[in-house]
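Chemist: If you want the building blocks of each chain, they are given just below.
Protein chains: 2
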Amino acid sequence: MENFEFNNPVKIFFGKGQIIQLQNQIASSQRIMLTYGGGSIFRNGVYDKVKSALAEYTLVEFGGIEPNPTHETCMKAVDLIRSEGIDFILAVGGGSVIDASKYIAAAVFQEDPWQILTGAAEIRQALPLGTVLTLPATGTEMNANSVISRKDTDEKLAFSSPEVMPRFSILDPESAASLPQKQVANGIVDSFVHVIEQYLTYPAGAPLQDRMAEAILTTLIEEGPKVYANPADYDAMANLMWCSTMALNGLISRGVHEDWVIHQIGHELTAFHGIDHARTLAIVLPGVWNVFRTEKKEKLLQYGRRVLNIESQAEDQAIDQIIAKTIAFFEGLGISTRLSAYGVPADTIQKIVDRFNSRGWLAIGDRGMTTPEKVREILTTRL
Amino acid sequence: MENFEFNNPVKIFFGKGQIIQLQNQIASSQRIMLTYGGGSIFRNGVYDKVKSALAEYTLVEFGGIEPNPTHETCMKAVDLIRSEGIDFILAVGGGSVIDASKYIAAAVFQEDPWQILTGAAEIRQALPLGTVLTLPATGTEMNANSVISRKDTDEKLAFSSPEVMPRFSILDPESAASLPQKQVANGIVDSFVHVIEQYLTYPAGAPLQDRMAEAILTTLIEEGPKVYANPADYDAMANLMWCSTMALNGLISRGVHEDWVIHQIGHELTAFHGIDHARTLAIVLPGVWNVFRTEKKEKLLQYGRRVLNIESQAEDQAIDQIIAKTIAFFEGLGISTRLSAYGVPADTIQKIVDRFNSRGWLAIGDRGMTTPEKVREILTTRL
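Those protein sequence lines, which keep their order, are chains A and B.
If you count the first sequence from 1, position 322 lands on 320 in the numbering used here, and the numbers rise without skipping.
If you count the second sequence from 1, position 328 lands on 326 in the numbering used here, and the numbers rise without skipping.
Mixed in with the good hints there might be a few duds.
[Stated by the list, open to error] Here are the simulated BS3-like pairs of lysine-lysine, each with C-alpha atoms no more than 30 Å apart in a straight line:
#, chain 1, residue 1, chain 2, residue 2
1, B, K323, B, K224
2, B, K180, B, K149
3, A, K295, B, K14
4, A, K323, A, K295
5, B, K14, B, K180
6, A, K14, A, K323
7, A, K14, B, K295
8, B, K224, A, K295
9, A, K9, A, K180
10, B, K295, A, K224
11, A, K9, B, K9
[What the hints assert, rightly or not] Label-pair distances were calculated between CB atoms; the ranges are:
#, chain 1, residue 1, chain 2, residue 2, range
12, A, R165, B, R122, 13 to 23 Å
13, A, E0, B, D77, 26 to 36 Å
14, A, S176, B, R80, 56 to 66 Å
15, A, S26, B, S158, 44 to 54 Å
16, B, R122, A, S26, 12 to 22 Å
17, A, N307, B, S158, 37 to 47 Å
18, B, P223, A, E220, 25 to 35 Å
Since the hints were derived computationally from the structure, they do not count as laboratory data.
Computed from a predicted structure; not experimentally measured.
We put the beta carbon where it would ideally sit given N, CA and C, even for glycine.
This is chain A alone, in the form it adopts within the complex (with noise of 0.2 Å):
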């Protein structure tokens, strides 16, 4: 096992009728900024539930946050923070409202707020911020990760800080009860792969992460279909949303291999694309593990046999077996792994690699094995 260090202060407030903690958690003196997206609020009954459980406070209202938030709508809510006085975030919402409201809670204390995705900029200070999850998915509820896009630039680039960490996050499986299947699908793929590449790398002695993260697989797997058929399930939708939180709060990835090229990868595609997050992984990770086959053996075959009961056999022909189940899980949640199906022209293959040359990614993720040509190996199994 590696060293590591771990530190994850979120404070958790799970199940139904937890809204109401809000009042607990935030001193009343606070002037809050209620940030969310396009409006799901209002008609799931969450916007009404946050207003009654904050009815003595003073709030002001930043919505319209897009799905892969962009820093020109972060800068409007920088914008308004000054002139308000605001002292606290509140974002209600999925991922894209948290992780624009971490960029702004950190960009409020910078000169020039893009330098925190470049990495120049050092983050020393931020607003406290809180959340209410409406969308199981991208864990950023329980961690100090973001990513923002830039629309001049057509960039995504992610950042971290522990002075981003939410103060609290309130998990209500009810709030994310009427979402539409296909988010649920992403949920579930987006969760599904924030493990795989923390995962699916190479040994590292530590089977207690390992079989953590099997455990998030398999749940996964199990409650995924369940909530895509019926997002109403209370329970499904509750395992959904622990395993999505748990996925991505750094437990699992202590003292273990970490990967990360699906989501390189994948941010490309919805940069130029624009295609859904989620989608974009469930392109690209059966092309990183048939391109990498032969040096990920061990965890595939160890996924394979723990997850999905694939016994011993040749193992090429195992390998397939665990790429050919995978694609099904995503397929079965109504998720196309194909660029073709989404309307990617092949030549999007090649400003991709340039891109990674650009920035000097030349051998990057799990053992540096993903250089430039890799990439453009991985992308062309995916036409």
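The hints should help you fit chain B onto chain A, whose structure is shown.
Modeler: For chain B alone, coordinates are given in the frame of chain A:
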């Protein structure tokens, strides 16, 4: 799944050489009381590493904390804290030293500290506490719990408060490399039964929590014999250490039903006969499973199937095999599971039953099934 809250801000530094982190985690102005036990830290090199990391600090030492730490000993430390103007407690040792230090940290602010254990006092404040763990077992390094004994009344009671959670815990498997086999065995069984108390009740519709509990159990069964055979096996000790921390940091019990009857009965065996805590658990567990084999059937069979690979057969026969295999795991670690092996006479059973009655513990644990008469039945099967 039941509603839950989760908040565990303890910062973990895990791995080789991490003791040096002490100097980054305690402000240099702090006057530190270094608490420890019988002196093993002088022989295993941990004391020297701590002293070297804190060469620039004022350290006041308080050693001699005994296994099953007593109120009487802790009160001496409280006097020392007051006379020396201590700001920070650094516990270097196993569960006893850390539990004692938690009690000391809170007792400093109480007029009648024993009321912390009886539940009559409220803990509003405690001295900050950090730990350097030398014995993986109790999980106290990452939770709010403490168990303290009182000599003059033969009592052993527990308390819990977020105020006494360590600010940080340093888990270096090398600090445990020279442990006697007996203590390693105790640690394995203690961790194992912690998981059982939070897992082996009845289904709660929480498959992720179940699988995470099973992940710890499986890893303990797999790695336990390796580390028992050779405590200096770094990877095996690292895995035991992380299992024992994860077994009782609050995570696996979120949203599910707990029991803790094995502990409550076991504590009395320690109080009356001074038997090592873990050994009392190994004695009591098979009795609880035997007596509640019908009520706990679903979880017993799930544990048998997923952890012990006991395939489907007649239920009663499967449960007999599950109990036998679990006993064999304990005995394989040199831990006897019968009262007679420890010279406990039959009349101790009546004393324990009387004590449960006098405390008003008339229907405790999993579904309130454990009455004083069930305690008699459980212990009678273990003579």
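Chemist: K224 of chain B and K295 of chain A: Cα distance at most 30 Å?
Modeler: Since the Cα atoms of K224 of chain B and K295 of chain A sit roughly 26 Å apart, the hinted pair holds (cutoff 30 Å).
Chemist: Is it true that the CA of K14 of chain B sits at most 30 Å from the CA of K180 of chain B?
Modeler: holds (23 Å)
Chemist: At the C-beta level, are S26 of chain A and S158 of chain B separated by a distance inside 44 to 54 Å?
Modeler: This hint is violated: roughly 29 Å between Cβ atoms.
Chemist: Has the hinted range 56 to 66 Å been met by the Cβ atoms of S176 of chain A and R80 of chain B?
Modeler: holds (59 Å)
Chemist: Please work out if K9 of chain A and K9 of chain B have their alpha carbons no farther apart than 30 Å.
Modeler: holds (14 Å)
Chemist: The hint says 37 to 47 Å between N307 of chain A and S158 of chain B; measuring C-beta to C-beta, is that right?
Modeler: For N307 of chain A and S158 of chain B the Cβ distance comes to about 40 Å; the hint holds.
Chemist: Could you tell me whether the CB distance from R122 of chain B to S26 of chain A stays inside 12 to 22 Å?
Modeler: holds (21 Å)
Chemist: Is it true that the C-beta distance of E0 of chain A to D77 of chain B lies inside 26 to 36 Å, as the hint says?
Modeler: violated (43 Å)
Chemist: If you draw a straight line from the CA of K14 of chain A to the CA of K295 of chain B, is it 30 Å or shorter?
Modeler: Holds. K14 of chain A to K295 of chain B sits at ~29 Å (cutoff 30 Å).
Chemist: Return holds or violated for the Cβ distance of R165 of chain A and R122 of chain B against the range 13 to 23 Å.
Modeler: With a Cβ separation near 21 Å, R165 of chain A and R122 of chain B satisfy 13 to 23 Å, so the hint holds.
Chemist: Does the hinted range 25 to 35 Å hold for P223 of chain B and E220 of chain A at CB?
Modeler: holds (31 Å)
Chemist: If you draw a straight line from the CA of K9 of chain A to the CA of K180 of chain A, is it 30 Å or shorter?
Modeler: Given that 30 Å is the threshold and the Cα spacing comes to 29 Å, the pair holds.
Against the hints set out earlier in the document, violations occur for numbers 6, 13 and 15.
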